[in-house]
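**Q** In this text, residue positions in the sequence shown follow my numbering: the first is 73, and each later residue adds one.
Accuracy of the hints is not assured; some may be wrong.
The calculated SDA-like cross-link candidates involving lysine to any residue, where the alpha carbons are at most 25 Å apart (straight line), are [said to hold, decoys possible]: (1) LYS209 <-> LEU90; (2) LYS209 <-> ARG137; (3) LYS209 <-> PHE86; (4) LYS238 <-> ILE102; (5) LYS209 <-> SER219; (6) LYS209 <-> TYR193; (7) LYS238 <-> ILE105; (8) LYS209 <-> GLY94; (9) LYS238 <-> ALA104; (10) LYS238 <-> SER101; (11) LYS209 <-> LEU166; (12) LYS209 <-> GLN141; (13) LYS238 <-> THR185; (14) LYS238 <-> LEU220; (15) LYS238 <-> VAL225; (16) LYS238 <-> PHE224; (17) LYS209 <-> THR174; (18) LYS209 <-> LEU222; (19) LYS238 <-> VAL99; (20) LYS209 <-> PHE168; (21) LYS209 <-> LEU220; (22) LYS209 <-> GLY171; (23) LYS209 <-> VAL225; (24) LYS209 <-> THR144; (25) LYS209 <-> PRO223.
Okay, the calculated beta carbon distance ranges per label pair [to be verified]: (26) VAL138 <-> TRP181: 35 to 43 Å; (27) ALA121 <-> ALA207: 28 to 36 Å; (28) LEU201 <-> MET237: 34 to 42 Å; (29) ALA208 <-> SER92: 14 to 22 Å; (30) LEU201 <-> PHE151: 35 to 43 Å; (31) LEU227 <-> TYR193: 29 to 37 Å; (32) MET237 <-> PHE189: 27 to 35 Å; (33) VAL138 <-> PHE224: 29 to 37 Å; (34) PHE151 <-> THR190: 41 to 49 Å; (35) SER92 <-> SER184: 33 to 41 Å; (36) VAL99 <-> MET216: 17 to 25 Å.
By construction, these hints were calculated from the structure, which means they are not laboratory data. All C-beta atoms in this analysis are idealised placements derived from N, C-alpha and C, irrespective of residue type, glycine included.
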Amino acid sequence: MSREKGQITIWLSFSIILLSAGLVCHVLSIPAILEAAGRDGWLSVVAAAPLFMLFLGMMYIIIRRVRGQRLTDWITREFGAIPSWIFRISASILLFMLGTHTLYETTNWTVSTYLQFTPPYVLAGGGALVAAWAAAKGIRSIAMTSSLLLPFVILLGYFVMSANMK
Numbered sequence: 073m074s075r076e077k078g079q080i081t082i083w084l085s086f087s088i089i090l091l092s093a094g095l096v097c098h099v100l101s102i103p104a105i106l107e108a109a110g111r112d113g114w115l116s117v118v119a120a121a122p123l124f125m126l127f128l129g130m131m132y133i134i135i136r137r138v139r140g141q142r143l144t145d146w147i148t149r150e151f152g153a154i155p156s157w158i159f160r161i162s163a164s165i166l167l168f169m170l171g172t173h174t175l176y177e178t179t180n181w182t183v184s185t186y187l188q189f190t191p192p193y194v195l196a197g198g199g200a201l202v203a204a205w206a207a208a209k210g211i212r213s214i215a216m217t218s219s220l221l222l223p224f225v226i227l228l229g230y231f232v233m234s235a236n237m238k
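Please put together the full structure from these sequences, using the hints given.
**A** What follows is the structure, encoded as structure tokens:
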């Protein structure tokens, strides 16, 4: 991708993907899986693998058919305006719910680990303001921030791993 019109490079997009995948896997998913399944949590990966492969196959087919167009434009052309708007509204609701859940879990984790005397609404409000500001600045701002944060997150991850080894 070029740097024109707010587009980002491949490294910046990988930074966003790595940070979001790390957050979802290590902060949100693993504690929930371990709490629900305990030591049998590894079975959830085995159970999810066929569904994930099906999802990847569907993504491959869609990407081949879209051929560089905006997804919403392709849906409008292939299926009409109503399915396109249903997709847009569904995607917006899903992204809002994911963002809200992530902010909630991150706030709870922060309060329970190292900011016990800080009111949760202060942390959630601050996090929401930072996220809104970054979103208003555009994808390039989010990508640059993630590329700066990624090395520190990796180093802190190794630090936590070594501190937890017995």
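**Q** Quick one: which hint numbers does this structure break? Sort them smallest to largest.
**A** Violated hints (numbers, rising): 2, 14, 35; every other hint is consistent with the structure.
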